[in-house]
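K.L.:
Okay, here's what each chain looks like letter by letter:
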Amino acid sequence: MIPYLLILPGLAWILFFFLVPLLSLVATSLQKRAGTSLSEGFVPALQFSNYTSALGEYFPQFIRAFLYAGIATALALVIAYPIAYYIAFKATKYKYLMLVLVIAPFFASFLLRTNAWKTILSADGFVVETLNALSLLPEDRILNTSVAVIFGLTYNFLPFMILPLYASLDRIDPRLVEAASDLYASPATGFWRVVWPLSMPGVLGGVVLTFIPASGDYINAQLLGSTNDKMIGNVIQAQFIVLRDYPIASALSAMFMFVLLIIIVTYIRRVGTRQLV
Amino acid sequence: MAADLNLQRLTREFGEHTAVDHIDLIVPQGTFFALLGPSGCGKTTTLRMVAGLEEPTSGHIRLGDRDITDLPAYRRPVNTVFQNYALFPHLDVFDNVAFGLKRRKVADVKKKVSEMLELVELGKMADRKPGQLSGGQQQRVAVARALINEPAVLLLDEPLGALDLKLRRQMQIELKRIQIEVGTTFVHVTHDQEEAMSMADTVAVMNLGKIEQMGDPISVYEHPKTAFVANFLGQANLLKGDIVGEENDHLVVDVHGVKFSVPRSEAPVHDGRIVIGVRPEKITVVDPGVTTLPKNQVAATVIDSSFIGVSTQYLVESPWGQPMIAFEQNRDPTDVARPGDPVLLGWEPRHTFGLDPDEDLKAGLQESVPAL
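As they're listed, the protein sequences go chains A and B.
Going letter by letter, the first sequence gives residues 1 to 277 in the working numbering.
Going letter by letter, the second sequence gives residues 1001 to 1372 in the working numbering.
Some hints here could point you the wrong way.
Computed cross-link-like contacts, DSS-like style, restricted to lysine-lysine with a CA-CA straight-line distance of at most 30 angstroms [unchecked claim]:
| hint | chain 1 | residue 1 | chain 2 | residue 2 |
| --- | --- | --- | --- | --- |
| 1 | B | K1110 | B | K1129 |
| 2 | B | K1111 | B | K1129 |
| 3 | B | K1176 | B | K1225 |
| 4 | B | K1102 | A | K90 |
| 5 | A | K90 | B | K1129 |
No lab work stands behind these hints: they were computed from the structure.
These figures come from a predicted structure and were not determined experimentally.
The following block holds chain B by itself, in its conformation from the complex (with noise of 0.2 angstroms):
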């Protein structure tokens, strides 16, 4: 059964407050969708919206060519996984599992729940409580019992919201290993990036109500096209100034008396005034003097350095008093600049991204969840 999930301008409103305004949205069948973005963006009442939990205001929800706007939740072909698990407290894992098989009066409910159980590798904990059970073994048991009822969709909820880090990076693998070796499509929601950009194909960024950004990881974190997305999907310094000429396919943006080139195809404005960026981790960090440095270069003095470890992170100021980060990958941490130091940073002009010059260059930053 061909069952991409297919959102057609869903709008849900709460009095005057419109939490999903109007989304477009399609999931092919059998990906690993990411809806992402800061609480209160709406990616938990669209979810919702399509598990049947939360009525639309107006709008429409298909799976395959069936709408399924109007069933009530207890006949829609999809499941979710909630946030906190849900799981019933006065049910055995077994039954926990069961549930949904036995209200379908699905034969067969002891192999098909055995088998469940190895999938998610808790074959010896069918007759406890989930009381009984540990964080990590409770977000299984959620897992197994949407997934046995083979949705033609698998709704996430954060669910990892309630694990700690380490816990989380292993479920997250494990998430992406069930998905696969099961091959059904999963909107999972989350507002960790990292979380978002490991597991999923395709990641949607929210931000009030709305789609920002959508694509693959790697295009999205690469080339976002908004500086709410530079700023939430990972770091980013974003720099306002004026595009004054154009060389080989680049075009030359002077900010502050700075030139800095930035690719045609990643500018969305071709002249005027522009907002440009870069992502931290692309910025070489060098003693003023060196001369082999990638093209885009500015001179700054650094305000903070902090050693953590895999990298150095950087806290500068430009010339034209505007903080800036930078991470140095610590392949070689002989010296590390000290605040207070001269420095010049240096790089790639296909590493520059160009935005629309009336963005907010603080929106997303006070949601972003920090990396580690």
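Here chain A stands alone, though its shape is the one from the complex (with noise of 0.2 angstroms):
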């Protein structure tokens, strides 16, 4: 008995801060305008066509929203690998050292960093002009840009992605590594055979923390991008706090809640039932 009564605060917490927001989400999806303005409010309905509308109306932000996730989690684990994989292996007594200092950007705010990268990147600054002087840049600017969008997500999310890496990587035993190489395995074949499918959980954490948050985001898109980088994130947000158009707004996050599901789910279930230890 004494156990059941243990997991009612779990059991009221997810009802109360997960069941019923997301039941009333849904009803609010489905409400219909009391009168012919926003303002005059709504009342409950079955009004489906609010989901087909807002798709209708935002498609592109929503494609847009999983693209540059997708490619911000792609960049985030090229980068993260190395470093995961210095601090686990290599780093010996710089270890917690390394480890502070991949957490040490969350102490200053999410927005300020974002905002600094704003200067960085502004076309004024040291990083463009230096581009702009080697011709690299085809748009003379940085900011504004889907490359400035899919830059910040990937800077903001990185340490996303370090951290379940570095804890699978770091779990690894190093004797592995030499038992790959005694058996003729090169360096790079041993990463291969051993190193990486032993830190695929890692992986599959990293991609999952960063591709989640990253295509919710909406701060990136309107501080470093221009208004044809909006993802769903800004449309959702203008809809709630600027529109005020709940109907509408709730239906697009119930609908990118569930497509984001789908994605965790076929990729969790592709990657995840490789052979993991």
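Join the two chains, each given in its own frame, into one complex according to the hints.
P.N.:
In structure tokens:
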């Protein structure tokens, strides 16, 4: 009896802070306008057309959200893997210092950091001037391009990729790498045959932890992108806070959650069922 | 291919510490060679240098007439059975064993792996993951995974360290059987002197980065050349004395007024101070007054006697106050001497060995694994 009582607070938490809001969101997404204008409010209904009209109008932002988040996640994986590998296998006594450095950006506000990049990447900044001098920028700028948005997403969510990768690489016995080289595997072969498969739980975790917040993000697109770089997060934010079209905003949120869930579940089932330990 | 393993002035330094100190060693092809020593003596570092997992500071490693010192591990024709096995946890037994063959793109992987699994009696376990195997089975997979590559030398780094006693004994016999069957050179690193002696053709006792003594197990055990070897390889009574005479190829040694004989050939010095030693199982323990004793005799008082089944182990005190140990086989355990009893110890002069007088009598005592 007592064990069941002990899980009550947890159940209550899930009920009040997850299930109820979720149902409320779905209910809101089906409401219809009370009058002709938005300011007249909404009444409960089963207006499923909210979904089709929302999707019809904001399909590009949907696609963009998953595309940008996908590219940012892939970039983060490529950047984070060597860093996590180094911390796990090579850093020895500087291990914890390096882990602190990975987390250190979190001590500054997310908004502040993203705004800082706005300054760094500005047209009269050092980066853009240098790249322009080398004629490497087709649009003569970085700020207000999709490159800046993807860059911002990659930068902001990189620690979410590094930490699970590190946790998983750190658990790999370095003697397995030695055993691979003892068994005629060159360093590259040893990596692909032993380290990479054993780090799959970290890759899986890192990808999920990066992709989910990156696809729902709106700060990076808002601060670093142009109007053509808006993601679904920006639309939802505008619908909720600015336009106050709650049913459309809720429908978008519900669809976004659903699609994200499908993507993540498919991904985990494909990667997660490979021979993991 | 004649491929004796030949270490020449092999040295490995870690900062100020010299882990392996100018070792010269030849392991003839096809022999079972044991590197025995306490932890930190450099035996594992030596093995890792042969495997290519550790770079020597200086010196050379040769296989036959080929210098392999600078070859990376994955190009060396040697394979290792790692301590705690280091099996790939994400691969099943078959893929673990096939790993080396696949890297070298050898044909007939399937047939070779099944034959090898038969040799180590794991035929039915091919699709299990290492995590699903017992310690002894993992050990066999580790041996199979290394041996299947037909290495010129198989290196074993404390391979039985993680097994319980009974399984250890079983695997010792098993490993010896496999070695004879395949005829590969085995270099076996261990800190367990019984394991080394029971399996190896040649034992090298290492201490502080150097080889103290090397030879077949019987000669190293019976004729230790240093106090470290005497103490580490089993147990020994070491007595400090002076050479006072000579008779019939034997030196007469005076230890606190008691005279002992030691064969001249067993003594590193022939006059002045000397250390003599005798192993506890060579000593006969009798009541005072018994006259049918071997020639080396000393009266003593029993401090402690423990009956351990196969033998009774006595701790006695010599007239000059030095503790000595003696093992009596329990052929007829009717009169076990009690603490406080006076006894007479006797042993054959030919069972006595001599050591350099400057030897540290306690060398190797802490490190040795107590006999069973």
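K.L.:
Evaluate each hint against the coordinates.
P.N.:
Consistency of the hints with the structure:
no., hint, result
1, B/K1110 - B/K1129, "holds, 17 angstroms"
2, B/K1111 - B/K1129, "holds, 20 angstroms"
3, B/K1176 - B/K1225, "holds, 27 angstroms"
4, B/K1102 - A/K90, "holds, 28 angstroms"
5, A/K90 - B/K1129, "holds, 29 angstroms"
The structure fails none of the hints (numbered hints given earlier).
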